[in-house]
Amino acid sequence: MWDYTDKVMDHFRHPRNVGVIENADGTGQVGSLVCGDALRLTLRINKETEVIEDAKFETFGCASAIASSSVLTEMIKGKTIAEASKITNQDIADELGSLPAEKMHCSVMGMEALEAAVKSYRQGGKPVVFEQENEKIVCHCFNVSEETIIKAIRANHLKTVEEVTFYTKAGGGCGRCKGEIQKILDKVNSCAVPEPAHNTEKKFADLTIVEKIKRIEKVLEEDVRPQLNADGGNVELVDVNGTEIKLRLLGMCSGCLAADATMKGFIEKTLREKLDPSVSVVKA
Amino acid sequence: MKLIYLDNNATTRVAPEVAETIRPYFTEKYGNASSMYPLAAQAHEAMEQARAQVAQLVGAAHPDEIIFTSCATESDNTAVFSAVRSYPQKKHIITSAVEHPAIMHPVRYLQTQGYEVDYVGVDAQGRFDMEQYKRLLRDDTALVSVMWVNNETGMIFPVPEIAALAKERGALFHTDAVQAVGKLPIDLKNTKIDMLSLSGHKFHAPKGVGALYLRRGTRFSEFMMGGHQEKGRRGGTENIPYIAGLGTAARLAQERLENGAMEKIAVLRDRLQNGILSSIPDSRLNGAPDGRVATTANISFGYVEGEAILMHLNEYGICASSGSACTSGSLEPSHVMRAMGVDFKFAHGSVRFSLSEQTTQEDVDKVLEVLPGIIKELRKISPFSRLA
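Residue numbers (the numbering used here), protein chains in the order written: chain V, 1 to 284; chain C, 285 to 672.
What the hints contain is simulated information worked out from the structure, not anything from laboratory work. Accuracy of the hints is not assured; some may be wrong.
[Claimed, not checked] Keeping only pairs whose Cα atoms sit at most 20 Å apart, straight-line, the calculated PhoX-like set for lysine-lysine is:
hint	chain 1	residue 1	chain 2	residue 2
1	C	660	V	56
2	C	418	C	374
3	C	664	V	56
4	C	451	C	476
5	C	451	C	418
6	V	151	V	136
[Unchecked claim] Ranges of calculated distance between the beta carbons of each label pair, as one might list FRET restraints:
hint	chain 1	residue 1	chain 2	residue 2	range
7	V	180	C	442	41 to 47 Å
8	V	189	C	303	51 to 57 Å
9	V	277	C	568	53 to 59 Å
10	C	285	V	280	54 to 60 Å
11	C	601	V	252	42 to 48 Å
12	V	46	C	285	43 to 49 Å
13	V	13	C	303	50 to 56 Å
14	V	122	C	573	52 to 58 Å
15	V	260	C	415	36 to 42 Å
16	C	573	V	74	41 to 47 Å
17	V	155	C	547	37 to 43 Å
By construction, the Cβ of each residue, glycine as well, lies at the ideal position given by its N, Cα and C atoms.
Could you build all of it, start to finish, from the sequences and the hints given here?
What follows is the structure, encoded as structure tokens:
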């Protein structure tokens, strides 16, 4: 049984600001169904003053993930973007009283969603899925980059591999990257500032299944669903097999006469453009 | 608020008769079973009566085939290490992909010590893959260890058949029967099972007592080295109060198996399961509808996360458990759900309800009353429900 504070339980039982702001000025997303938690944050921002006038969230996750998202919306409402951007995961945890160490990654998720939403606002409002720059993935089970780990170590003064796992999830799956996490810890804590790693883009076929799913979901969310939603339809990712992506059309799209054309002519074309020319789309 | 306890696969409430049996062995009959005076004889007698009662529950041919231990984890560790020490020339082990950590972890340790280990998989409904198992058996297989009933799904594995095949190839066979004992009729003398682990607290004895069945004539190497207790097979002063309690719990379990209690539990379990599946969209059973023990129903809810469901159930005094990553502190959904290949949109939202003869229809109906609303609320918050 987790030792949740009364405030965590209050925000879990009565989450504030649930939902989606229509035509939001900024939309940030992080996480996925595979990872077990995900957050979508939408913001209404006054373009003159850059004050966050409204914030809403949707969260898939445990009690502390829901509470972290809920309290975050309260914390940022009324603040300017500059003020809100200073909020760290520790501020979110502090606002809730505290979070169990194993659950700190829920507060990190809030911080990342906010970062993505601000980026989305700067880019004109198109949804942005949180992603690390110069991605060097350390933990392949949970797709955690070196940069995320370094940031978490610095912001929270982490000392052990276990702490890094609690804050970022890295190392919580197969555990194979624990040695590498230790090296990162040694590097950061000895103040040897790591050079940002420059990785050339990997071929789609060489990605891990989690990476593939994340990239596909990102394209679907940012470039495909807005179009389908406009016609009352939607699409769901069913399976990925090599470079073959299995999708199911939902809502109005599922019965649409132009379904095949949508699949091949629009969705496949978009996925090929954004991901890799080698991918193909099949109907589930 | 009335407690609605639906987590009997985790642990059970000690039966009042068991608590009564235990009490005098703390304060009056406190002798060491090894000593030479009447006080000790009382303890010894209680222990031997319990041994006979446990032997009867599992259908052992002889009471001395029962060795008392501190828990099923100790029994499992004893069985695994005894098998490999007894046949040092054999370097292969077979187990299933869905075992309890008490088997998984010692076996993984042996893997680091040069043993080859094969894990037999399960199908999407959690059934043991017999064909794969047959292909994996080898002449140098030291041990086959397969659980009798899976703790998360309640699926029953065909253990007598698996044991017979192991014997044909000259391998020792062990089963972790923690979730089977007291729920299924077990008749060890008519099987080829060499070793079986059981745990008291899964059938209304206290936590901290278990047993290992060891067929007469089976090569054995003790795990707890110490005194002559348990015929030198398990050192350490016997926990007489709890062993006496285990005996009473075994007798009560035997009575339940004979008086149709399991059939009554199955009726309630089916009421719960069918009620949930029919009232909540995007819910599905983990495991097959048939071939399960009567007590367990494991159900997944798409697009929501298990811990959040449990926290809401707590508000109504309902206790259940989840294979969700977030409940355990580990970050991945349970290895059982993953071995079954449960679709990722369902994997994080599994809830296990496990009943006992103390469960009432009122308990079940309370869950059916509140659960649809809980799932609906959580889906309202979830960014994925638009996909449903």
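Do the hints match the structure? See the list:
no.	hint	in the structure
1	C:660 <-> V:56	holds, 19 Å
2	C:418 <-> C:374	holds, 18 Å
3	C:664 <-> V:56	holds, 13 Å
4	C:451 <-> C:476	holds, 7 Å
5	C:451 <-> C:418	holds, 12 Å
6	V:151 <-> V:136	holds, 14 Å
7	V:180 <-> C:442: 41 to 47 Å	holds, 43 Å
8	V:189 <-> C:303: 51 to 57 Å	holds, 53 Å
9	V:277 <-> C:568: 53 to 59 Å	violated, 37 Å
10	C:285 <-> V:280: 54 to 60 Å	holds, 55 Å
11	C:601 <-> V:252: 42 to 48 Å	holds, 43 Å
12	V:46 <-> C:285: 43 to 49 Å	holds, 47 Å
13	V:13 <-> C:303: 50 to 56 Å	violated, 36 Å
14	V:122 <-> C:573: 52 to 58 Å	holds, 53 Å
15	V:260 <-> C:415: 36 to 42 Å	holds, 39 Å
16	C:573 <-> V:74: 41 to 47 Å	holds, 46 Å
17	V:155 <-> C:547: 37 to 43 Å	violated, 58 Å
Going through the hint list in order, the structure does not satisfy hints 9, 13 and 17.
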